[in-house]
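Student: Spelled out from the first residue to the last, the chains are:
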Amino acid sequence: MRAPDTNEILLQIDGVALSFGGVRALRDVSFNIRKGEIRAIIGPNGAGKTSMLNVINGFYHPDHGAITFKGRTRTKMQPFEAARGGIARTFQNVALFKGMSALDNIMAGRTLKVRRGLLWQILRYGPALAEEVEHRHRVEEIIDFLEIEAIRKVPVARLPYGLQKRVELGRALAMEPDLLLLDEPMAGMNLEEKEDMSRFIIDVNNHYGTTIALIEHDMAVVMDLSHRVAVLDHGVKIADGTPDEVKKNQAVLDAYLGVAH
Amino acid sequence: MLYRETGQFKTAYAQDMAIFPIRQDRIGLGILLGIAFIGVPLLATFHIWPFGRDYLLWAILLPFLVLALAAIGTNILVGYCGQISLGSGAFMAIGAYSAYKLGTGVHIPLAWLGFAISIPPLPVLASILLGGLAAAGCGILFGIPSLRIKGLYLAVATLAAQFFFDWVFLRVPWFTNYAPSGSVNAPELNFFGAVVQTPVERYLLCLTFVTVIAFLAKNLVRGNLGRQWMAIRDMDIAAELIGIRPLYAKLTAFAVSSFIIGVAGALWAFVYLGSWEPLAFSIDRSLQLLFMVIIGGLGSIMGSFVGAAFILIVPIMLNLIPTELGVPLSTETITHLEFIIFGSLICYLLIKEPHGFARLISICKEKLRLWPFPY
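Protein chains in written order, with UniProt numbering: chain F, 1 to 261; chain G, 1 to 375.
Among the hints, erroneous ones may be present.
These stretches of chain G come out as covered by chain F in the derived footprint (C-beta under 8 angstroms, 3 or more residues) [stated by the list, open to error]:
| id | stretch |
| --- | --- |
| 1 | 42 to 56 |
| 2 | 231 to 237 |
Okay, the calculated bits of chain F under chain G, using three or more residues with CB under 8 angstroms as the criterion [unchecked claim]:
| id | stretch |
| --- | --- |
| 3 | 92 to 105 |
| 4 | 108 to 114 |
| 5 | 122 to 134 |
Here are the simulated DSSO-like pairs of lysine-lysine, each with C-alpha atoms no more than 30 angstroms apart in a straight line [unchecked claim]:
| id | chain 1 | residue 1 | chain 2 | residue 2 |
| --- | --- | --- | --- | --- |
| 6 | F | K113 | G | K367 |
| 7 | G | K218 | F | K98 |
| 8 | G | K365 | F | K113 |
| 9 | F | K98 | F | K35 |
| 10 | F | K153 | G | K10 |
| 11 | F | K194 | G | K352 |
| 12 | F | K247 | G | K150 |
| 13 | F | K98 | G | K367 |
| 14 | G | K365 | G | K150 |
| 15 | F | K113 | G | K10 |
| 16 | G | K352 | G | K218 |
Quick caveat, the hints were computed from the structure, so don't treat them as lab data. Glycine included, each C-beta is placed from N, C-alpha and C at the ideal position.
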């Protein structure tokens, strides 16, 4: 795919290290994400990909290193602060609010945009109602975009896995994020669902201009979708570049296929 | 056939987001409110069956309304926000005693500072609402542990609130205005000149409170704050990642829940009991409220009403049926039988329908909408 024209850096990771007791999940990892690009992070199981996402959105606090997002450098941050900064994410295992309908799940994604407080919401009249309707409009646009009109009132626990993933993407989109982190958006999907999801990811990137960082195991998908790929192995970045460059990289081939002894 | 949405087209999101989007529901609710606000008082005033005596009004409808209100409060915390609480009885007590103190005048002698804080007796309505606010304040205080602990451990922490306030109201004579017996009497129920005395007036007063608060609570739970509570309940990690602050969501749930429970406590004391002791708000009350929301349906305002009705009416039925059948049982046997039947009924219900009566009703409604072609 054609890379975006701009070279403006949205997120810069500098020498991030993270360890859990004796396990060193990330060792001195540095890379950047440019504004408007689709950036893939790949690597074998246990390479530290999900840990990397968790560091980016404030779930884990790195032992060393700095994260610069939209020009602001920080090391310690709470997840809701990351959300406020414009970082949204989906999970490897779907993390929807099971007791709520698809519509309510996506509406919940609008939380940060809600301006009227407790007392207005109790009355639900005038400006408060107008605001609620306004959010509903935005959410309905996302529902249209993701083609889930028919299931909007269904409790998400009753939905099949593929649709749950779609609702989760919708919830992240409702936040109107600057950076969207997708943790294995296609895990456990069949070919058709993967094609749908790929289409949505490309559309999100094209239409909304959202920068996307995704972790994925399906190499065909990664190579087709992403502009640039970073490869992690045992917590170390072993390669970084365009899909073509990465494909030819000897270290990457060794990590995935093993080295003859 | 009757419960069908066919032909009811919605042309604006506001219509789809209305409190009762289906016309039949609106009509049903209108009829119900009509019966409650006009039918029952009329029948009761003229002593027409089944209101021949005041028994139905006094012993069933009045406690049902107040406890349903308390159950709504409990449901907001336990059902919507997922924070198990065993302290509802305590918050009812706080509402009751705060309203009592405010209604009879507060006097705090601060001898070492050389002056005293005195507040003259407030009107009843103000003291009931302020009693609710006092309960909300205590609710926030005892909700702080919920930021660290979850589930059963939180239940234990709220249990501490229950025992602490039981103790305070029993042992600190200031709260009971130094009444030697520990029992206190409610002030006159004077609402802007209209004195509420007869059972019918008391019933109407509670009904008004319950209706207004139930509507406002429903507004809240289907708005953004309600979604925040449910998000915290269903998956707190994901909730945080979409920008929900756990601190704000949990403490507002504690505050709103305690406010409603506090108002219910004040009504229970002022309107239903008239005079009361701390025993009226013991741990039994907390458990009763918890049962109500579990049986009625966690996360449902309507479920709170159904649960309250079930918990109150079943024991009475169990009492009445043997008498009607002409099987004379000793009071002891009845009490034991009541426990046995009641307990097994609850177990059976929870196994068959763990989401309570509210879920059962919504399933029925869904089926009805498609009946007689279930596809």
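Student: Please go over all the hints and tell whether each is borne out by the structure.
Tutor: Hints and how they fare:
no.	hint	result
1	42 to 56	violated (count 0)
2	231 to 237	holds (count 5)
3	92 to 105	holds (count 7)
4	108 to 114	holds (count 6)
5	122 to 134	holds (count 7)
6	F:K113 - G:K367	violated, 37 angstroms
7	G:K218 - F:K98	holds, 20 angstroms
8	G:K365 - F:K113	violated, 34 angstroms
9	F:K98 - F:K35	violated, 33 angstroms
10	F:K153 - G:K10	holds, 15 angstroms
11	F:K194 - G:K352	violated, 38 angstroms
12	F:K247 - G:K150	violated, 47 angstroms
13	F:K98 - G:K367	holds, 22 angstroms
14	G:K365 - G:K150	violated, 34 angstroms
15	F:K113 - G:K10	holds, 26 angstroms
16	G:K352 - G:K218	holds, 27 angstroms
When each numbered hint is compared with the structure, violations occur for hints 1, 6, 8, 9, 11, 12 and 14.
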